[in-house]
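A.B. asks: Sequence:
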Amino acid sequence: MDIISLARQAGFDELVSEDIADVLASHTEELTNEDLQQLTVHSPVEDDDDEEEPQRALTEEEAAAESQ
Numbered sequence: 001m002d003i004i005s006l007a008r009q010a011g012f013d014e015l016v017s018e019d020i021a022d023v024l025a026s027h028t029e030e031l032t033n034e035d036l037q038q039l040t041v042h043s044p045v046e047d048d049d050d051e052e053e054p055q056r057a058l059t060e061e062e063a064a065a066e067s068q
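Under full-length UniProt numbering, the sequence shown has 17 at position 17, and the numbering climbs by one with no breaks.
Label pairs and their calculated CB-CB ranges:
id: 1; residue 1: Arg8; residue 2: Glu30; range: 28 to 34 Å
id: 2; residue 1: Glu29; residue 2: Ile4; range: 21 to 27 Å
id: 3; residue 1: Leu31; residue 2: Ala57; range: 47 to 53 Å
id: 4; residue 1: Gln37; residue 2: Glu66; range: 50 to 56 Å
Think of the hints as simulated: they come from the structure by calculation, not from any bench. In this text, all values refer to a predicted model and were calculated from it rather than measured experimentally. Just so it is clear, CB atoms sit at the ideal spot from N, CA and C, and this is done for glycine as well.
Work out the full structure: start from the sequences and follow the hints.
C.D. replies: Take a look at the structure:
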């Protein structure tokens, strides 16, 4: 099955092979500094809250209380 057939099945009925060729060709071009800056500005910010906090060791009293 080719790309055009898949695209039409997905509802892109007006898509033509030249559109596919244009998109594929555009991915071979090098990005300019301006392009890279725009990607950096619009990229999602990573959240540092996802980092796990280090686990603390149980004291002897806490370990004894949990084993009962």
